[in-house]
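Q: Listed below, chain by chain, are the residues.
Number of protein chains: 2
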Amino acid sequence: MNKLLIVGTVAFDAIETPFGKTDKILGGAGTFIGLSASYFNLQSAIVSVVGDDFPQEYLDLLTARNIDISGLEIVKGGKTFFWSGRYHNDLNSRDTLVTELNTLADFNPVVPQHFKDADVVMLGNLHPIVQSSVLDQMEQKPKLVVLDTMNFWMDCALPELLDVMKRIDVITINDEEARQLSGEYSLVKAAAKIHTMGPKYVVIKKGEHGALLFHDKEVFFAPALPLEEVFDPTGAGDTFAGGFAGFITQSENISFDNMKKAIIHGSNLASFCVEKFGTERMQKLQKGEVLQRLQQFKALTQFEIEIES
Amino acid sequence: MNKLLIVGTVAFDAIETPFGKTDKILGGAGTFIGLSASYFNLQSAIVSVVGDDFPQEYLDLLTARNIDISGLEIVKGGKTFFWSGRYHNDLNSRDTLVTELNTLADFNPVVPQHFKDADVVMLGNLHPIVQSSVLDQMEQKPKLVVLDTMNFWMDCALPELLDVMKRIDVITINDEEARQLSGEYSLVKAAAKIHTMGPKYVVIKKGEHGALLFHDKEVFFAPALPLEEVFDPTGAGDTFAGGFAGFITQSENISFDNMKKAIIHGSNLASFCVEKFGTERMQKLQKGEVLQRLQQFKALTQFEIEIES
Numbered sequence: 006m007n008k009l010l011i012v013g014t015v016a017f018d019a020i021e022t023p024f025g026k027t028d029k030i031l032g033g034a035g036t037f038i039g040l041s042a043s044y045f046n047l048q049s050a051i052v053s054v055v056g057d058d059f060p061q062e063y064l065d066l067l068t069a070r071n072i073d074i075s076g077l078e079i080v081k082g083g084k085t086f087f088w089s090g091r092y093h094n095d096l097n098s099r100d101t102l103v104t105e106l107n108t109l110a111d112f113n114p115v116v117p118q119h120f121k122d123a124d125v126v127m128l129g130n131l132h133p134i135v136q137s138s139v140l141d142q143m144e145q146k147p148k149l150v151v152l153d154t155m156n157f158w159m160d161c162a163l164p165e166l167l168d169v170m171k172r173i174d175v176i177t178i179n180d181e182e183a184r185q186l187s188g189e190y191s192l193v194k195a196a197a198k199i200h201t202m203g204p205k206y207v208v209i210k211k212g213e214h215g216a217l218l219f220h221d222k223e224v225f226f227a228p229a230l231p232l233e234e235v236f237d238p239t240g241a242g243d244t245f246a247g248g249f250a251g252f253i254t255q256s257e258n259i260s261f262d263n264m265k266k267a268i269i270h271g272s273n274l275a276s277f278c279v280e281k282f283g284t285e286r287m288q289k290l291q292k293g294e295v296l297q298r299l300q301q302f303k304a305l306t307q308f309e310i311e312i313e314s
Numbered sequence: 006m007n008k009l010l011i012v013g014t015v016a017f018d019a020i021e022t023p024f025g026k027t028d029k030i031l032g033g034a035g036t037f038i039g040l041s042a043s044y045f046n047l048q049s050a051i052v053s054v055v056g057d058d059f060p061q062e063y064l065d066l067l068t069a070r071n072i073d074i075s076g077l078e079i080v081k082g083g084k085t086f087f088w089s090g091r092y093h094n095d096l097n098s099r100d101t102l103v104t105e106l107n108t109l110a111d112f113n114p115v116v117p118q119h120f121k122d123a124d125v126v127m128l129g130n131l132h133p134i135v136q137s138s139v140l141d142q143m144e145q146k147p148k149l150v151v152l153d154t155m156n157f158w159m160d161c162a163l164p165e166l167l168d169v170m171k172r173i174d175v176i177t178i179n180d181e182e183a184r185q186l187s188g189e190y191s192l193v194k195a196a197a198k199i200h201t202m203g204p205k206y207v208v209i210k211k212g213e214h215g216a217l218l219f220h221d222k223e224v225f226f227a228p229a230l231p232l233e234e235v236f237d238p239t240g241a242g243d244t245f246a247g248g249f250a251g252f253i254t255q256s257e258n259i260s261f262d263n264m265k266k267a268i269i270h271g272s273n274l275a276s277f278c279v280e281k282f283g284t285e286r287m288q289k290l291q292k293g294e295v296l297q298r299l300q301q302f303k304a305l306t307q308f309e310i311e312i313e314s
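Residue numbers (the working numbering), protein chains in the order written: chain A, 6 to 314; chain B, 6 to 314.
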C-alpha cells in the first residue's frame, strides 16, 4: 500500500449554524483530511499536535480508520487548538468567534521515520514554515506534494508561503484567496499567475459552486452536488483535499486525467461532510454510500454530444 | 425544418462595464434569443415591437440570420424600448440607470399565421400577460414551451406569472429569483417547489457558476466556461435560453437526455456572448468556433470513473 503523509491541525471546534450549535467537538484540517483519505486503499499518518485534554476516544477514532498517529504529539499539560465560528444564514460566510492556538503556537512537526518515504504529502492549512519543515524531513522526494493554505498566511507570512509554494506540485485554495494571491479577478488568469509561483496544478475551490483544476492550458471542473440541505460547511474543503490526495495516493498516477478523477472523488466525499456537524457524517460513512453518490456525480455532469467536424 | 417562435424585447441598450461604455446599441431578450437560436437548423420568428427609430440595419441583421420578423411590429412615431445599466466591478451585479418602456408599454403581441403551429415557443422575459397572450394564439399545442422571467414580475405581476407558469414546460430563472419565487434557499428545494407551480423542467441559471436542470428527482449541471475575461454579461441568460430552445427545436426531442445537451449548447453559446459588448460577438460568431468550444466543454466536464459495485 502506498503512503500518504498528512500534516494539519487536530483540534476542537465549536460551531454555530442556522440549524443549531455544538459544544467542543472533534475538528481540525488534519482530522478531516485523514478521515476522508481513509476511504481509499492506503497507509496514512497525521503529523500534528494536541494537548492532554484531547480525549482518548478521538485518538481511537483516528486509529480505527488505520491512521497512524505516531506523529501526533501530545503535549503534557498543554491544551488542544480550539476554533469557534458562527455561520451566516446562507452558510457561505462565517465569523470566527474564538481562536485559541494553545499547543499549536509552538508546534514543531516531527515526521515519523516510516513515513519519510511517503508517496504523497498533503500539507494542510498551517503556517508555511511548518509546511516547509515537513518537506525538509522527507528522505525521498514524494511523487506529489499538495498544499492547502488560506488568506491568513497571505496576510501574515507571505514570503514563507511563497517559499514553500516553490516546493509543491498542487495548491488547493479558494476563489477569493486565489484572487488575493494573484491580484487577478479572473480565475483563469489567477491560476496562470499562481502556476508561475511554483505549483504545476492549481485547484480553486468555490464551495457550493464546485472546484476548478488548472494545469497549463487545461482546465477541469467538478460541481458540488446540489443538496437539499447543507447543514455545516466546516471541514468541507479539507475533506475535498483528503479525497483528492487519498485517491492519488491509492492510484499512484499523477496524470491530468487521473487528477480529474481525484477532484471528483474529493467533491463526492465533501458532499457528505456538510450533511452533519463537524466530522459526524464522515465517521459513519459507508463505502457503499460513497460509490452510490459517485453515480450521482456521473448523472449530474456526463452528457453525450457528438461534435461534427 | 422545425419552427421556433420567440417572444421578447427588441431594444436599445446602453451599457457601462469596468472595461468601457457603449452608446445605444442593439439589445433585447428577443434579439439575443434569436441570434443564438440561429446557430441551429430551424425556422424562427420574433414577435416583438419597436418604434420607427429602430434602424433598418438592425432589421436586416435579424433577417440575414433567417429570423422571420413579420411579427415584429414597427410603431409609427413610436420609440423603441431603451435600457441602460452599469455593471459593478465584479460584473455579477448591475444598476439599472434608465428604463424607457416606450412602445413596449402598449405591446399587443400578434403571432404570424404561419407560426401558430410552431414546434417550440420561447417566451422571453416580458409581462406574463404578454406571454399568456402568445400561448392563447397558438392553433396547435407546441411540443415545448419555455418561459424566462425575472424578479420584477414576481414583485409586480405574481398572479399573472403563476397563471402562465401553469401552461409551460420549462422555466429558466436565476438562482436568486428561484429563491424568491419558492421561498426556499436550497436550490434543490426551490426547484421542487417550482415544479409544483407548473413547469416539469426547471432550469436555474447561476451566471458564471453555470446552470442546473431539474426534472423530478433528476438533476444535471452545466458549468459556465471559465474565461480569461468576461467583458459584458448583458444578454448571456437570453443567449443561453436561445441556444437551449434552438437545439430542442432542431432535434425534436424533449427527453431529459436531450435537454442535457440543450443546456450544454446554451452554455456554450452564452460563453461567446459575454466576450464583447451586446450582440457584437454573436453577430460575427462562426459555426466552426461554436463546435470547437463544444470540445472545450467536453474536456472541462467529462471524466472516466469506473465504479465498482
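Note that these hints are calculated values from the structure, not bench results.
Please read these numbers as outputs of a predicted model, since none were measured by experiment.
Treat the hints with care, as some may be off.
Identical copies carry no separate label here, and so any pair may be met within one copy or between two of them.
[Unchecked claim] Below, simulated BS3-like cross-link-like pairs (lysine-lysine); rule was C-alpha separation at most 30 Å, straight line:
1) 211 - 194
2) 194 - 8
3) 194 - 26
4) 198 - 281
5) 205 - 8
6) 222 - 198
7) 211 - 198
8) 222 - 292
9) 29 - 198
10) 205 - 26
11) 29 - 81
12) 148 - 84
13) 81 - 146
Q: Now, for every hint given, state plainly whether the structure supports it.
A: Hints, verified against the model:
no. : hint      : result
1   : 211 - 194 : both (16 Å within a copy, 21 Å between copies)
2   : 194 - 8   : neither (34 Å within a copy, 41 Å between copies)
3   : 194 - 26  : between (39 Å within a copy, 23 Å between copies)
4   : 198 - 281 : between (36 Å within a copy, 24 Å between copies)
5   : 205 - 8   : within (22 Å within a copy, 49 Å between copies)
6   : 222 - 198 : within (12 Å within a copy, 41 Å between copies)
7   : 211 - 198 : both (18 Å within a copy, 26 Å between copies)
8   : 222 - 292 : between (35 Å within a copy, 23 Å between copies)
9   : 29 - 198  : neither (39 Å within a copy, 37 Å between copies)
10  : 205 - 26  : neither (40 Å within a copy, 38 Å between copies)
11  : 29 - 81   : within (20 Å within a copy, 73 Å between copies)
12  : 148 - 84  : neither (35 Å within a copy, 67 Å between copies)
13  : 81 - 146  : neither (33 Å within a copy, 78 Å between copies)
Of the numbered hints stated above, those contradicted by the structure are hints 2, 9, 10, 12, 13, listed in ascending order.
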